[in-house]
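Got chain C sorted already, so can you dock chain B onto it with the hints?
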Amino acid sequence: MRWYERIAAIDRRIIYIILSVLVIIPFFIPFTMKQNIMPQTQRLYNFIDSLPPNDKAIILSLDYTPQTMPETHPMAIAILSHCFAKNIPVVGMSFDPQAPGLAIDAFTTVVDGINLNALTREDSVIYGEDYVYLGWKSGRVAAEIQMGESIADVFPRDYFSISIDSLPLMQRVKNYKQVSIAIIIAGADYPQDWILYPQARYGVRVGAGLTAVMSPKYYPFLQTGQLSGLLSGMKGAAEYETLLLKNGYVKQLGKAETGMNSQSLIHILIIVFIILGNIGFFFSRKRK
Amino acid sequence: MKRKIPLAICLIMGVVMIIQFFIPHPISLAFNRTINNWVIVLMAFALILAIGNLIRHHGIRISHRQANWPYSAVTLLGMFAMAIIGLIWGIEPESLYQKIYLNIFAPLSASMFALLAYYMTSAAYRAFKARSLEATLLLASAFVVMIGFMPFAQYLHPRLPAFAEWIMQVPNMASQRGILFGIAFGAIATAMKIILGIERSWLGGKE
Numbered sequence: 001m002r003w004y005e006r007i008a009a010i011d012r013r014i015i016y017i018i019l020s021v022l023v024i025i026p027f028f029i030p031f032t033m034k035q036n037i038m039p040q041t042q043r044l045y046n047f048i049d050s051l052p053p054n055d056k057a058i059i060l061s062l063d064y065t066p067q068t069m070p071e072t073h074p075m076a077i078a079i080l081s082h083c084f085a086k087n088i089p090v091v092g093m094s095f096d097p098q099a100p101g102l103a104i105d106a107f108t109t110v111v112d113g114i115n116l117n118a119l120t121r122e123d124s125v126i127y128g129e130d131y132v133y134l135g136w137k138s139g140r141v142a143a144e145i146q147m148g149e150s151i152a153d154v155f156p157r158d159y160f161s162i163s164i165d166s167l168p169l170m171q172r173v174k175n176y177k178q179v180s181i182a183i184i185i186a187g188a189d190y191p192q193d194w195i196l197y198p199q200a201r202y203g204v205r206v207g208a209g210l211t212a213v214m215s216p217k218y219y220p221f222l223q224t225g226q227l228s229g230l231l232s233g234m235k236g237a238a239e240y241e242t243l244l245l246k247n248g249y250v251k252q253l254g255k256a257e258t259g260m261n262s263q264s265l266i267h268i269l270i271i272v273f274i275i276l277g278n279i280g281f282f283f284s285r286k287r288k
Numbered sequence: 001m002k003r004k005i006p007l008a009i010c011l012i013m014g015v016v017m018i019i020q021f022f023i024p025h026p027i028s029l030a031f032n033r034t035i036n037n038w039v040i041v042l043m044a045f046a047l048i049l050a051i052g053n054l055i056r057h058h059g060i061r062i063s064h065r066q067a068n069w070p071y072s073a074v075t076l077l078g079m080f081a082m083a084i085i086g087l088i089w090g091i092e093p094e095s096l097y098q099k100i101y102l103n104i105f106a107p108l109s110a111s112m113f114a115l116l117a118y119y120m121t122s123a124a125y126r127a128f129k130a131r132s133l134e135a136t137l138l139l140a141s142a143f144v145v146m147i148g149f150m151p152f153a154q155y156l157h158p159r160l161p162a163f164a165e166w167i168m169q170v171p172n173m174a175s176q177r178g179i180l181f182g183i184a185f186g187a188i189a190t191a192m193k194i195i196l197g198i199e200r201s202w203l204g205g206k207e
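Chains C and B supply the protein sequences, listed in that same order.
The working numbering applies: residue 1 is where the first sequence begins, and numbers increase by one.
The working numbering applies: residue 1 is where the second sequence begins, and numbers increase by one.
Next comes chain C alone, as it looks inside the complex (with noise of 0.2 Å):
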């Protein structure tokens, strides 16, 4: 066998240990690479950290599933960690049968690291004052024209039962009058419906989470100024954490920035293989 076929015909077990070797790495050595930041995720910060603080409330519907979990759960731990630092409510909510256990781990995560070191109320982030988890609705597109005219309507009691007319935070935000954006994190079209409809019809603006392979589509949105931001795959919420660390929202980085290591290091492999590939291939057509 000829070298340049020899490289055209790596055993896949070989590429399978190198590739589970690469995405170890960064987890028992960490190291950081300083991100680039780009145009829409800093669009997203910008738009957030331009609200005033205890005002109107973000929607953040978070439909994202365990598949997609290691790009989307750091962006929803990274945006909730920026609306509770600097006092923006939070409304969240679930469209995915899959998502409430990943949502209220989520803002468990978050609320438990902040309240941990509160001296004071004003430290701290209380549920139903500061934020509140409505749990899953059936119904999506329906359920988000219907928020549009009453958020009880459609969600009557929150993810624990609780009656949403007795807590405070809701008390006040009965529609999207009383919504600054809706973000939604997901791995699906999701963000699309909140264009079509809630957009379309109450001019509520629209910011999204995506994993990598969605995010294409929605470039032509982000240029309409239909979407206000949108953070896209694993470096989306590498960046975004990368932002908070820099403004001092938060002390350390999140689980993005490994993960995007880890990432980056199986992006080389692939690249690295499709060469090898690729130089087998001319050689060998070179001599038929």
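Be a bit skeptical, because a hint or two may be false.
Said to hold, decoys possible - Once the Cα atoms are required to be at most 20 Å apart in a straight line, the calculated EDC-like pairs of lysine to aspartate or glutamate come out as:
1) C:Lys174 - C:Asp153
2) C:Lys137 - C:Asp105
3) C:Lys34 - B:Glu165
4) B:Lys129 - C:Glu5
5) C:Lys137 - B:Glu92
6) C:Lys56 - C:Glu129
7) B:Lys99 - C:Asp112
8) C:Lys86 - C:Asp112
9) B:Lys99 - C:Asp105
10) B:Lys129 - C:Asp11
11) C:Lys137 - C:Asp189
12) C:Lys217 - B:Glu92
As the list claims (entries may be wrong) - Under 7 Å between C-beta atoms, here's a sample of chain B residues computed to sit facing chain C:
13) Gly86
14) Ala106
15) Ser111
16) Tyr118
17) Tyr125
18) Pro151
19) Arg159
20) Gln176
21) Gly186
Hint data in this document are derived by calculation from the structure and do not stem from the laboratory.
All values derive from a computational prediction rather than experimental measurement.
For glycine and all other residues, C-beta sits at the position ideal for the given N, C-alpha and C.
Just chain B now, with coordinates in the frame of chain C:
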């Protein structure tokens, strides 16, 4: 009659819902509110139907001892166990339901999806070849976007991240916009055909 009544309901509701979208009158809004609540309830019933279908499908597989029937038993066991645990002990952050979800279901689902990385790497190595001009262009743009979106791309060349972003913002966006327009026109045409009763396959059965 069995076909005419559904077609009439479809025509009336289709036209009324289009008109009400553009008229923010209290009567129109009240009508929209009622219809939206109906849709939410109907979708919840669709879930019950799906659960019923799942039980029926896997129940038959188990009772007939079809190939791989133990997997069907695990599916039904998992579904009923999670429902019972959630109903009895609740779904709060510290509950057993949440612990099972986060420590068993989530890692298993994520692991299944993570296997894609192995297949993708192996498939890219074997199949991603510069066989033609189109394939070479695809390969080159994929390289630029992949490298440009890596954190260290700025050290390779300071303008590489911006170039990768340009590929996404201009050629990608142009093609995505074309696709979106195509989908939108197709959706409008199909919706009109359904509302006007030209497209009747949704009724099931023969013409």
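Hint check results:
1. About 10 Å separates the Cα atoms of lysine 174 of chain C and aspartate 153 of chain C, which keeps this hinted pair within 20 Å; it holds.
2. Taking the CA atoms of lysine 137 of chain C and aspartate 105 of chain C, the gap is near 18 Å; set against the 20 Å cutoff, the hint holds.
3. Between lysine 34 of chain C and glutamate 165 of chain B the alpha-carbon distance is near 17 Å, which keeps this suggested pair within the 20 Å criterion.
4. Between lysine 129 of chain B and glutamate 5 of chain C the CA atoms are separated by roughly 14 Å; this keeps the pair inside 20 Å, and the hint holds.
5. Between lysine 137 of chain C and glutamate 92 of chain B the CA atoms are separated by roughly 17 Å; this keeps the pair inside 20 Å, and the hint holds.
6. At roughly 13 Å between alpha-carbon atoms, lysine 56 of chain C and glutamate 129 of chain C fall within 20 Å of each other, so this suggested pair holds.
7. Distance hint between lysine 99 of chain B and aspartate 112 of chain C is fulfilled; the C-alpha atoms sit about 17 Å from each other, no more than 20 Å.
8. At roughly 16 Å between alpha-carbon atoms, lysine 86 of chain C and aspartate 112 of chain C fall within 20 Å of each other, so this suggested pair holds.
9. Distance restraint check for lysine 99 of chain B and aspartate 105 of chain C: the Cα-Cα separation of roughly 10 Å lies within the 20 Å cut-off, and the hinted pair is therefore satisfied.
10. A C-alpha spacing of about 18 Å is found between lysine 129 of chain B and aspartate 11 of chain C, which places the hinted pair at or below 20 Å, so the restraint holds.
11. A threshold of 20 Å between alpha carbons decides the hint, and for lysine 137 of chain C with aspartate 189 of chain C the separation of about 17 Å falls inside it, so the pair holds.
12. Proposed proximity of lysine 217 of chain C and glutamate 92 of chain B is contradicted: the alpha carbons are some 36 Å apart, above 20 Å.
13. Proximity of glycine 86 of chain B to chain C is violated relative to the hint, the smallest CB-CB distance being about 10 Å (cut-off 7 Å).
14. About 4 Å separates the beta-carbon of alanine 106 of chain B from the nearest beta-carbon of chain C, less than 7 Å, and the hint is met.
15. Hint status for serine 111 of chain B: violated, given a least beta-carbon distance of 9 Å to chain C, over 7 Å.
16. For the restraint placing tyrosine 118 of chain B at the interface with chain C, the shortest Cβ-Cβ distance is roughly 5 Å, inside the 7 Å limit, so the hint holds.
17. Against a cut-off of 7 Å between C-beta atoms, the interface hint on tyrosine 125 of chain B holds, since the closest Cβ of chain C lies about 4 Å away.
18. Given hint, proline 151 of chain B at the interface with chain C, holds; its Cβ is 4 Å from that chain's nearest Cβ, closer than 7 Å.
19. Nearest Cβ of chain C to the Cβ of arginine 159 of chain B: about 11 Å, over the 7 Å cut. The hint is violated.
20. At its closest, the beta carbon of glutamine 176 of chain B sits 5 Å from a beta carbon of chain C; the interface hint therefore holds under the 7 Å criterion.
21. The beta carbon of glycine 186 of chain B is not positioned within 7 Å of any beta carbon in chain C (closest approach about 15 Å), and the interface hint is therefore violated.
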